[in-house]
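Chains as they are written, first to last, in my numbering: chain A, 164 to 319; chain L, 164 to 319.
Source of the hints: derived by calculation from the structure; they are not laboratory data.
For clarity, every value in this text was computed on a predicted model and none was experimentally measured.
Heads up, a few of these hints could be off.
Note: identical chains are not told apart, hence a pair may lie in one copy or across any two.
With a cut-off of at most 25 Å between alpha-carbon atoms, the simulated SDA-like pairs for lysine to any residue come out as follows [to be verified]:
| no. | residue 1 | residue 2 |
| --- | --- | --- |
| 1 | K256 | A315 |
| 2 | K211 | R279 |
| 3 | K303 | W168 |
| 4 | K256 | G245 |
| 5 | K184 | S280 |
| 6 | K184 | S276 |
| 7 | K211 | T271 |
| 8 | K211 | P180 |
| 9 | K184 | L282 |
| 10 | K303 | R255 |
| 11 | K211 | E272 |
| 12 | K184 | A236 |
| 13 | K184 | L205 |
| 14 | K256 | R279 |
| 15 | K184 | E171 |
Number of protein chains: 2
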Amino acid sequence: MNRRWAWEDMPPGSVIPLGPKTVTADEIVEFASEFDPQPFHLDEAAGKASILGGLSASGWHTCSMMMRMMCDAFLLDSTSQGAPGVDFVNWRKPVLAGDTLEGTVTVTERRRSRSRSDLGFLTSVATLHNQNGETVLELKNTGMFLLRDPEAARDA
Amino acid sequence: MNRRWAWEDMPPGSVIPLGPKTVTADEIVEFASEFDPQPFHLDEAAGKASILGGLSASGWHTCSMMMRMMCDAFLLDSTSQGAPGVDFVNWRKPVLAGDTLEGTVTVTERRRSRSRSDLGFLTSVATLHNQNGETVLELKNTGMFLLRDPEAARDA
């Protein structure tokens, strides 16, 4: 196993930078057209007239962009085996066309699988902020990763 | 306001059917290529070799498909004003190429906004199952909806 990031390599307290990623109006409309065609995700005027204040990305689009940032930051060079779910998502501020997002993912907990000695769980909190320093997304989730050396890590 | 679904129209206990939606291999790969390019979301062989057991949709893709089902079922003909977040997501089983998903959204709680008399919150639990009756997704979230008649609904 020659991946850089195995379960052992991300103890609680690890902080990994995410982004930056600038989201365009075209990207917002393309995602929303397929998955979330509410007017404020499709049209600038409808966005301005809404509580969101402008053409704004679907919250699921923001989560998906965060996922891509996590892939590019470490997951694609990791032993990731997917994830059983998400603990919570907070869409704290609208993500508007032209916003540039960046942030961090911080590992908060880890545990071994009870049923598979080569597998472990990592819980992390990801946050993204925009170019004005406003937090737009907070998300806690738990992912599964293979261990690099299950024998040596037995007591971790 | 001539939308079918305003805040008043979805009391706790309301159940709205979602889907069906069949997800293709091409859709899985297209979403994953942009947002979650882990091997088990891009390639059948890599999926079969993984804990997921086949070419499987990104969990964020499954959430996004659920969002589209909610749009088609009621949100596009509602007073929806977006959502502040998601309480939890459980990806209970992999969603594999060719799976047909359907389910329900059930309203569990509602409350008025303290700061805006024309706005209310609806909390709901959505579940999707596949063609074998296996639950693949459980998701709880809270959305904001305009009231049809804030005066009449004052004590709701």
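Taking 25 Å as the upper bound on the Cα-Cα distance, should K184 and S280 be classified as within, between, both, or neither? Neither: 37 Å inside a copy, 37 Å across copies.
Same-copy or cross-copy closeness of K211 to P180 [CA-CA at most 25 Å]: neither (32 Å within a copy, 31 Å between copies)
Since the copies are identical, ignore which copy is meant and state whether K211 and E272 lie within 25 Å (CA to CA) inside a copy, between copies, both or neither. The answer is neither: 40 Å in one copy and 29 Å across copies each exceed 25 Å.
Should K184 paired with L205 be assigned to within, between, both, or neither, using CA atoms and 25 Å as the limit? So K184 and L205 pass the 25 Å test inside a copy (20 Å) and across (22 Å) alike.
Give the relationship of K184 and A236 under a CA distance limit of 25 Å: within one copy only, between copies only, both, or neither. Cα proximity of K184 and A236: one copy only (12 Å, versus 32 Å across).
Given a CA cutoff of 25 Å, do K184 and L282 count as a within-copy pair, a between-copy pair, both, or neither? neither (31 Å within a copy, 33 Å between copies)
Homomeric proximity label, K303 with R255: Cα distance no greater than 25 Å: both (14 Å within a copy, 17 Å between copies)
With 25 Å as the alpha-carbon cut-off, assign the pair K256 and G245 to within, between, both or neither. Cα proximity of K256 and G245: across copies only (11 Å, versus 28 Å in one copy).
With identical chains treated as interchangeable, where does the CA-CA distance between K184 and S276 reach 25 Å or less: within a copy, between copies, both, or neither? Answer is neither: 34 Å inside a copy and 33 Å across each miss the 25 Å cutoff.
One pair to classify: K303 and W168, alpha carbons no more than 25 Å apart. Within, between, both, or neither? Within one copy only: 19 Å inside, 31 Å across.
Given a CA cutoff of 25 Å, do K256 and R279 count as a within-copy pair, a between-copy pair, both, or neither? between (40 Å within a copy, 18 Å between copies)
My question is about K184 and E171: at a cut-off of 25 Å on alpha-carbon distance, are they close within one copy, between copies, both, or neither? Neither, since 28 Å and 39 Å both go past 25 Å.
Checked against the numbered hints given earlier, the structure breaks hints 1, 5, 6, 7, 8, 9, 11 and 15 and satisfies all the rest.
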